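S.K.: Chains as they are written, first to last, in the working numbering: chain A, 1 to 452; chain B, 1 to 452.
Any given hint might turn out to be false.
Each pair of labels, with its calculated beta carbon distance range [what the hints assert, rightly or not]:
| # | chain 1 | residue 1 | chain 2 | residue 2 | range |
| --- | --- | --- | --- | --- | --- |
| 1 | A | T342 | B | G205 | 48 to 58 Å |
| 2 | A | E102 | B | S190 | 55 to 65 Å |
| 3 | B | D5 | A | L43 | 42 to 52 Å |
| 4 | B | E12 | A | R189 | 22 to 32 Å |
| 5 | A | S288 | B | A102 | 20 to 30 Å |
| 6 | B | G207 | A | D344 | 40 to 50 Å |
| 7 | B | W325 | A | E340 | 52 to 62 Å |
| 8 | A | E90 | B | D99 | 41 to 51 Å |
| 9 | A | G429 | B | S190 | 20 to 30 Å |
| 10 | B | G130 | A | R189 | 51 to 61 Å |
| 11 | A | R153 | B | E308 | 31 to 41 Å |
| 12 | B | G205 | A | S288 | 55 to 65 Å |
| 13 | A | K271 | B | G205 | 43 to 53 Å |
Covered stretches of chain B, going by a simulated chain A footprint (3 or more residues, C-beta under 8 Å) [claimed, not checked]:
| # | stretch |
| --- | --- |
| 14 | 80 to 89 |
| 15 | 150 to 158 |
If you are wondering where the hints come from, they were derived from the structure by calculation, not from laboratory data.
Note that the structure is a prediction, hence the values are computed from the model and not measured.
The beta carbon of each residue, even a glycine, is placed where N, CA and C say it ideally should be.
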Amino acid sequence: MKRSQFVATKSGRVERLSDSESEGIGVRVLLNGAWGFACDRRLSAEGARDAALRACTFASAAPGKHSRQLAPVAPASGAHRTHVERDPFEVPLAEKVAQCLEADEAMAGPDILVRQAMVRAQREHKLLLTSEGTEVEQELIECGAGIECAAARDGVFQMRSYPSAHVGSSCQSGWEYVDGLDLTGEAPRVAEQAAALLRADECPSGVMTVVLDGDQVALQVHESVGHPTELDRVYGTEASYAGTSFLKPGDLGSLRYGSELMNITADATTKGGLGSFAFDDEGVPAESTPVVEAGLLTGFLTSRETAARIGAGNGGSMRADGWNRMPLVRMTNLHLEPGEGTLDDLLADVDHGVYMETNRSWSIDDKRLNFQFGTQIAWEIKDGKLGRMLRDATYTGITPQFWGSLDAISGRGSWRLYGLTNCGKGQPGQSAHVSHGAAPARFRNVQVGVRS
Amino acid sequence: MNALDIAKAALETAGGEAEAVAHVEHSGLARFAGSEVHQPTLIENAIVTLRVVHGNRAGIATTNRIDAPGLAELAHRAADAAESSPPDESFPGLTPPTDPAAVEGYDEETAALGPADQARLAATSIDAGGDVPVYGFFTSGVSELAIVSTTGLSVHQRMTDATTLVVAADENGSGYAEQTAWRTSAIDPSAVAQEAAEKARRTRGAGEIDPGVYRAVLEPYAFADLLDYFSHDSFGALGVLDKRSYFTDRLGEKVFDEKIFIADDALDPRGLPKAFDFEGTPKRRVQLVEAGVARSVVWDRARAAQAENGAESTGHAPPAELRDWGPLPSALSVLPGAAESVEELAELVGDGLYITRLHYLGVVHPREGIITGMTRDGTFRIRDGKIAEPLVNLRFTVAVPDLLRDVVGLTNKASLVNSQNFYGERYPYGVMAPALASERFTITGVGSKPGI
C-alpha cells in the first residue's frame, strides 16, 4: 500500500494539492523457468488467487527457451520501518501549504516571473511472501521539498532551484528533513541568483577544467555509473527502452572506469537513502558493496537471476514501483566516496576553468557513454578563485575518459545525500527513488559549452 | 464495476459539491529481450479522484479502494484538502454539463485479447526477426474514463489500444520499428519485426562523421519524439503564461517554414481518439501552427480563468496528478507533404543524414526550443540523393525552430507514433507525423556503434 501527498504552490497560489493512495497485490511466478506477473487491486484471497492464476497463464504462454536460474537466498523473516521523528502524515496539509507559500513569497523580487515551492511525503507499506519461506514486512517513509524560480528579461529566460531541480530533493525521513532544508531561508539567494543570471555572460566553449557541485556529481554518478552497472542492461534486457550498457560481463574486475580517486559504493543501508531497505523485493538482505574501487570496475548491480547468470554477487538491487509492477534491477543508494579538503581547495589548483552548480538538463546515449549535461548556474574559475557568473553552462564527454580525468574530490565535510524521485525504466514504465552521496569534484580537460 | 459506476459511487459518498474522475485499466504487456519473453505484466486497476469544492476552495484526493469504506475515507481526505487550501479567486468552478461528440477508439477484438493472445503476438514478432535477436513488446489494453459531478456533468469513454515495438539488435547493428493503433487488426507484429531487423542488417559497419550542421531526413519516429518534447514547453497555455514557451510573444508570427501545419486533434479516428479531457470538457481540434505561423496553444479551464484574456478551454485539462504541468497536447498531428517516400526526401536532401529514431531527449533551453539527444537504431549518411553507409549513434543539439524553419519536404503519409511509456495509469496517446527533411540538423558529438 502506498500513500503520497504532494503540495505545490506557484506565485502565491496553490497549484496542486494531491493526496493519493493505492493498494493491491502483485504475484510473480517462475513456472518451468519462465516469469509471469499479474496484479489485482483487491487485497483479498480472491484478488490474490486471481492474480496468481493469471500470472501462471502468462508464464506458460510466454515464448522462449526459459531456463532462468536464481542465486540462492536464505529464507528470511523480519520487519523494518523508517525511523521518523515527525510522521509526515501527521503534519496537517494546511501546515504544508503554509510552508510552501512562505518560501514562495520569499522568492519575490525584480525580474522574477514564476516562483514555485513543493513538498511531498510518501509512505509505502509492503509485505513480501515467497514460496521459499521469506516473510518480510517493511514500511518506508519519504519526505522531500524544493523551491524554484524563473526569471525573464529581454528574451532571456533563466531558472534557479534549491536544493535540486526537478522536484527538489527527498530523503527517507520524517518531516524533520523538510524543516531542516530551510526553504524560506534559502529563497532570497535563489531568487537573486535567478535574476543575476539574466545579466550574466554566456558560458564560453572550450576544453578546460571543470569543478562540479555535489548535486551535478550525483547526477553524473546516476547516469554514467549507476545505469551502466545495472546487470540487466549489460545483458540487454532493457534494450527496448532505457537502453543497454557499454560494459560487458567480462569487464568485471578488469575494466578501468576512472582515475584512482574514483570509488563507488552501492549501499542499501545508508541512513536516509531513498534506496534503503532491510530486504529488496526478492527478499535479499540489504548490503553495502563496492562497484568501482580505485577506478577499477569490481561490481554490478544485480538481481538473483542476473547474479546467477554472471556467477558473482547474490542480487539485492531488485525493486518494484509499487504492487502493480514487476521488480527490476534498480540502483539502491550509489555513492561517490569522498576525497579530501574543501571546495576552495579544489578551486585553488585551477588556473582557468568553470565551476558548475545544480543540474538543469541531462541526456546520455543508450550505452551510457556519450553524455551532455547542463547546469543552472556557473562561475568562471581564474587563478584559483571564482570570478564572474556564467549562464547556460553545458559540458559533454565519454564516460570512462571523463571519469579518468577526475583528479580531486572534496572531503566528507562537503559530502551530502541527494535524493531523486524520477528514475525511469522498464515497460510498462516504473519510476524509482534513488539517493546518491556526492561531494564537489574536479575534472580536467573537459569539453565545455555546446552550441546548437 | 465500470468507470461510470465507480465515479457515481464516489460522488454520492462526497455529499456536497464535487467531481469524481474514475480511470479503469485492464492491460497486458509481453516484453521480450533476446527473443524471449522475460517481463510479462498483467495489470488490473481502478482509481478514482474526487475533487471536493467548498466555495472557491477545492481539494483533491485519489484512491483505488472503491468499496464503501475506501470511498468514505476518500471523501474525508478530499474535504480535508479543500479546507487546507487557501481561497482561489480564479477558481472557475466545476465544468457545467457537456455533450461530447461520440468518437471512435474502442474495438471489441482488441478488448478481448488475453495473456495467451498477447504472448502469441509477441511470439509473432520474435519469429519474424529472423537471424537478428529482437527486444521489445506487444501490449494491448482497455482503459475507461468517466467523469461525473454535482453540476450534472456525466461523460464516459472506453478506449482500446495496442502497440508492437521492436528493437532488432546484435553485436554489429540495430534497427527499430513500432506500430500503434486502437484496433489490434491494424498493427502487424511480423512486419514491425521485419522492418526493425532489416534496418539492423543495414547498420553493420557503421562509420563516424565530424560534428557540424547537416541536412537531414527524420523518420516519423524521430520527428514525433522531438515534437512531443518541444510541445511540453511550447504548445501548452502554461508555457506561454510562464514565458518558457518558444511561442511567448510570437503568436501570430511566422516562426516555421510555410510547409509546416501542426494541430492537436484528439478527434481524428486515425489516432487514439478522445472525446473529452480530465475535466469533462469536449476535445477540440486546435491548429497550433498554420503555414508556419504560430496560431495558438491548448487550454484548460483553470488556465483560461487565470489568463483573463478571453481564452476558453480547448479540452486539454491534465489528470489531477499532472495539474502543475498545465494543459498539454496529447494528439499532435503534422500535415503530410508531397514526397512519395523517404527515398524521395533523401533525393531532395542530396547530401546529409538519415535518422530513424532518437534516444533520451533533454531540454537544454526551453524558451529557445533547444533539445539534445542521441540518434539510435538506424543512422545513415545520405550521399548523391541516396541513403548510403551506416553511421554510429550521433549526439545532436537542435533548436527545433531552426529545424522547422527551412523544410525541404515532408512525406505524403503520416504515421501514428506511440508516445506513452505506460508509467502510472494507462492513457494511450501519440503523435501523427510524416517523415521530415530539413536544411539544418546540428550534430554536436559522436557516440558508439549501433548494436547490443
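S.K.: Against each hint, give a clear statement of whether it holds in the structure.
M.R.: Checked hints:
1. T342/A x G205/B: 48 to 58 Å: 50 Å, holds
2. E102/A x S190/B: 55 to 65 Å: The hinted range 55 to 65 Å holds for E102/A and S190/B, with Cβ atoms some 60 Å apart.
3. D5/B x L43/A: 42 to 52 Å: Given a distance of about 20 Å, which is not inside 42 to 52 Å, the answer is violated.
4. E12/B x R189/A: 22 to 32 Å: The hinted range 22 to 32 Å is violated for E12/B and R189/A, with Cβ atoms some 50 Å apart.
5. S288/A x A102/B: 20 to 30 Å: Between S288/A and A102/B, where Cβ atoms are some 59 Å apart, the hint is violated.
6. G207/B x D344/A: 40 to 50 Å: With a Cβ separation near 46 Å, G207/B and D344/A satisfy 40 to 50 Å, so the hint holds.
7. W325/B x E340/A: 52 to 62 Å: 43 Å, violated
8. E90/A x D99/B: 41 to 51 Å: Since E90/A and D99/B have Cβ atoms about 45 Å apart, the given range 41 to 51 Å holds.
9. G429/A x S190/B: 20 to 30 Å: 26 Å, holds
10. G130/B x R189/A: 51 to 61 Å: 60 Å, holds
11. R153/A x E308/B: 31 to 41 Å: 23 Å, violated
12. G205/B x S288/A: 55 to 65 Å: 44 Å Cβ-Cβ, so the 55 to 65 Å window is violated.
13. K271/A x G205/B: 43 to 53 Å: This hint holds: roughly 51 Å between Cβ atoms.
14. 80 to 89: Held - the stretch 80 to 89 of chain B has 7 residues with a Cβ nearer than 8 Å to chain A, which meets the minimum of three.
15. 150 to 158: Three-residue rule not met by the stretch 150 to 158 of chain B, so violated; n is 0.
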